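> These are the residues of each chain, in order.
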Amino acid sequence: MNINLKIAIAEVSPIVRSGVEVQLKKLQGFRFHFLEIVKTDGLVDSLRMHKPDILIVNPSMVGVLSLQQLKEECGCPQMKCLALLYNLTDKTTLRPFDDKLSIFDSSDEIRQKLEQLFAVEIQEDTTETGEQQILSMREKEIVVCVVKGMTNHLIAERLFLSTHTVITHRRNIARKLQIHSASGLTVYAIVNKLVELSEVGKL
Amino acid sequence: MYKKGQYRETDKMSDLICENYAMVVVMCRFGIGLGFGDKSIGEACRHNEVDTGTFLTVVNFLIEERKSSYQEGDFAHGSISVEALISYLHKAHDYFLRFRLPLLRAKLLEAITGDCPEDVAIAIATFFDEYAEEVNKHMMYEEKTVFPYVRNLLKGKKDAKYNIAIFRKRHDQIEMKIIELKNLILKYYPGKGSNLLNSVLFDVFATEEDLATHNMIEDHLFTPAILELEKTLKQ
Numbered sequence: 167m168n169i170n171l172k173i174a175i176a177e178v179s180p181i182v183r184s185g186v187e188v189q190l191k192k193l194q195g196f197r198f199h200f201l202e203i204v205k206t207d208g209l210v211d212s213l214r215m216h217k218p219d220i221l222i223v224n225p226s227m228v229g230v231l232s233l234q235q236l237k238e239e240c241g242c243p244q245m246k247c248l249a250l251l252y253n254l255t256d257k258t259t260l261r262p263f264d265d266k267l268s269i270f271d272s273s274d275e276i277r278q279k280l281e282q283l284f285a286v287e288i289q290e291d292t293t294e295t296g297e298q299q300i301l302s303m304r305e306k307e308i309v310v311c312v313v314k315g316m317t318n319h320l321i322a323e324r325l326f327l328s329t330h331t332v333i334t335h336r337r338n339i340a341r342k343l344q345i346h347s348a349s350g351l352t353v354y355a356i357v358n359k360l361v362e363l364s365e366v367g368k369l
Numbered sequence: 003m004y005k006k007g008q009y010r011e012t013d014k015m016s017d018l019i020c021e022n023y024a025m026v027v028v029m030c031r032f033g034i035g036l037g038f039g040d041k042s043i044g045e046a047c048r049h050n051e052v053d054t055g056t057f058l059t060v061v062n063f064l065i066e067e068r069k070s071s072y073q074e075g076d077f078a079h080g081s082i083s084v085e086a087l088i089s090y091l092h093k094a095h096d097y098f099l100r101f102r103l104p105l106l107r108a109k110l111l112e113a114i115t116g117d118c119p120e121d122v123a124i125a126i127a128t129f130f131d132e133y134a135e136e137v138n139k140h141m142m143y144e145e146k147t148v149f150p151y152v153r154n155l156l157k158g159k160k161d162a163k164y165n166i167a168i169f170r171k172r173h174d175q176i177e178m179k180i181i182e183l184k185n186l187i188l189k190y191y192p193g194k195g196s197n198l199l200n201s202v203l204f205d206v207f208a209t210e211e212d213l214a215t216h217n218m219i220e221d222h223l224f225t226p227a228i229l230e231l232e233k234t235l236k237q
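Top line first, the protein sequences correspond to chains W and G.
Here our numbering is used: the first residue of the first sequence is 167, the next is one more, and so on.
Here our numbering is used: the first residue of the second sequence is 3, the next is one more, and so on.
Just chain W, with the same shape it has in the complex:
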């Protein structure tokens, strides 16, 4: 299971910036989307616009703002902040950060830090891969209804469920199968012999 992360790297030196990127890209199990922030005055705007999951920042670029203020101003309170270090830095400066990334860290150390930060999500993911893509009986029933062209409302009536429950089921189905459209579900349903072609809504 790949974890998608949007990472902002705020650092003036292009060599250090691309070095961090290269190291991160080597990590298996993650898919990164990078955003480079090269100047202090672009920091807030870039973060506000792109709302990254992680900010790896040279502490000197945060400037007079506290990290808390920075998160608030950018509207991303959940963002994890890693201090990017290549020299000795005062402990008080580092305290508000979620973790530190030294340019001397090995790949394994970087991986451990990221996994720790996202420990909760990773655990959730493993339970998900445990149940894999197998649909429950109820979910299969719902797939059949969707494929026959029924609305959520109709499905709810037919199966004696609330519309809300049907929507939840549909969301779970989409997540398990990675199929979101009705026509995609049709292919799935026919391949798995849940329906006959003749029963399908609009074919």
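The hints are simulated quantities; they were obtained by calculation from the structure and are not laboratory data.
Because the structure is a prediction, the values reported are computed rather than measured.
Glycine included, C-beta positions come from ideal geometry on N, C-alpha and C.
Treat the hints with care, as some may be off.
Claimed, not checked - Across the chosen pairs, the derived CB separations fall in these ranges: (1) W/Arg324 / G/Ala162: 15 to 23 Å; (2) W/Met215 / G/Glu145: 25 to 33 Å; (3) G/Val27 / W/Glu305: 36 to 44 Å; (4) W/Lys192 / G/Arg172: 35 to 43 Å; (5) W/Leu325 / G/Lys171: 29 to 37 Å.
Claimed, not checked - Take a look, some chain G residues computed to stay more than 10 Å from chain W by CB distance: (6) Ser16; (7) Tyr133; (8) Glu211.
We have chain W already, so just place chain G on it with the hints.
Showing chain G alone in chain W's frame:
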């Protein structure tokens, strides 16, 4: 073998294409044909009456994007000719709708017919047609609403009822559904498969990437350029 940094008009066209073969379609969409000899990028552009600044901006933007990151403000919109960019986007639409997708459809059908149960093949074909229709709608909106609006802007006429922010809001990700097609084939395809089907998969991957970068150009080059244009007209 990336040449670090951006391409300039004095660089050779053949170097650009050999180092980034995906740019061959970009070149073609701008209306520059093959057989450009030893011409530099600037010479090839002028020879074909293509705006060099716009060509370089698009090419450099795409190459940066391929490295999966780009810097905010890296691309000065001043070097873009909106007219040239629209003509490029229009040709790209034409390419997807009249060439890429029909070809992909024909190849896909050929690969699955007889290889998987007939009903599955029909369902896959239907899926593909719905997808192609979505792309068609998406692009036709741009052709029929957005581009005419911008062409009027260029003439100095402003439409009181429309602005590019509307486009920015409703501009959705058309590559989502082709990702689904890829998943369907990878995970659930019930036939034996063949070299032809693998080749279809390669095409699907390439089309997905191509559509994604096409959208990136619209979001990060086209829209900002129009925003600028709107601003200057207000003054």
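> State for each hint whether it applies.
Tested hints:
no., hint, verdict
1, W/Arg324 / G/Ala162: 15 to 23 Å, "48 Å, violated"
2, W/Met215 / G/Glu145: 25 to 33 Å, "28 Å, holds"
3, G/Val27 / W/Glu305: 36 to 44 Å, "41 Å, holds"
4, W/Lys192 / G/Arg172: 35 to 43 Å, "38 Å, holds"
5, W/Leu325 / G/Lys171: 29 to 37 Å, "36 Å, holds"
6, Ser16, "27 Å, holds"
7, Tyr133, "8 Å, violated"
8, Glu211, "14 Å, holds"
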